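**Q** Fit chain F to the supplied structure of chain L, relying on the hints for placement.
Number of protein chains: 2
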Amino acid sequence: MTKGEDTKLAILETGLDMASQVGLEAVTIGSLAGAIGMSKSGLFAHFQSKENLQIEILQFAAQDFNESVVVPALKTRAGIPRIKALVRNWIGWSAKLTGGCIFVSASTEFSDRPGKVREFLLHQQEQWVDCLRRIAASAVQAGDFRQDIDHEQFAFDLYSLLLGFHYYQKLLRDSETMRRQQAALDKLLADYR
Amino acid sequence: MTKGEDTKLAILETGLDMASQVGLEAVTIGSLAGAIGMSKSGLFAHFQSKENLQIEILQFAAQDFNESVVVPALKTRAGIPRIKALVRNWIGWSAKLTGGCIFVSASTEFSDRPGKVREFLLHQQEQWVDCLRRIAASAVQAGDFRQDIDHEQFAFDLYSLLLGFHYYQKLLRDSETMRRQQAALDKLLADYR
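Taken in order, these protein sequences are the chains called L and F. Numbering follows my numbering, with no gaps: position 180 of the first sequence is 180. Numbering follows my numbering, with no gaps: position 48 of the second sequence is 48.
Pulled out of the complex, with its shape left as it was, chain L reads as follows:
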């Protein structure tokens, strides 16, 4: 890795931390430059615009998410063990962030902000929902789920559960959240068996 790439990686790491804590929209060339003690023009040279910076942070987060959540789950046996691994990895990933999950918060922040950032986020989120659909399909193939299940519905049900978990964990900070999530997941898996 060149020194330039090294610097950029460090910038993106701090940018992701900031986005996790205060939201992606608050991460601007100016605010991030301040946070890392770099000049605005220095940061500008790396990203050229706020939108590019925000997209690169999302891209950086998506790559980390993929490596930490999706890839290890795909190495687990298809079916219920894979789904449980995906949920466990998702929870682990969102726990290691300094604040909330960037995709959850950006999804509400950018719902009504048309533009390149929303487009990138939407594309990334459609891939995520597609991943949930495919994991349901592979559970059918593995014989863990019934043949007649609706893969789309499973994606909706499982992501709803994760969003509920995130809300209870990050805002309410309810000590029972892990247990609630576990009970909801057991019920969900039983419904599709």
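Hints may contain errors.
As the list claims (entries may be wrong) - Distance condition first, Cα-Cα at most 20 angstroms in a straight line; then the derived SDA-like pairs of lysine to any residue:
(1) F:K187 - L:E152
(2) L:K187 - F:S31
(3) L:K187 - F:K96
(4) L:K187 - F:K8
(5) L:K187 - F:Y192
(6) F:K96 - L:D112
(7) F:K187 - L:Q147
(8) L:K50 - F:E152
(9) F:K75 - F:I55
The hints are simulated quantities; they were obtained by calculation from the structure and are not laboratory data. Please read these numbers as outputs of a predicted model, since none were measured by experiment.
**A** Here is chain F on its own, set in the frame of chain L:
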């Protein structure tokens, strides 16, 4: 209503619209004054600080939420009809907003922003979760739910479903969202019967 109260109400309505579209944290004395064509000092006289303004917007939204979602549901027969009414009203309320649900977005925005706004939001959200718990308890009393259900778990399950609906509706804008939500709700109610 006095002219002063009338003005304040109009300010809060615009503030809620702004918060729904760009998030509560972006609603400041300055940005809101610009949006309504009022002087910053004029707006300052009404609210004294950004935090107070944000809290009053949350309070205003909570009152509207209560009148539009909770009160009419409580007038419906306890049990499954009441739960269905609550969900229908929640969806109707979030649809009439110009952007996303202020409570959903503020919950991610203020997770990691300690202070008066977070405290107010948390208190309001605890009341909401308590409302979901009580609605489960009344469904048990009405004989629609089993005696041995966990009211807390029901609150977690139902709010997860609404968060999933909100995400699919506002970010993905998936045309099947209403049907997914309906299927998930039917399954949830069947689980507790």
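**Q** May I ask which of the numbered hints given earlier this structure violates, with the numbers listed in increasing order?
**A** Structure breaks hints 2, 3, 4, 8, 9.
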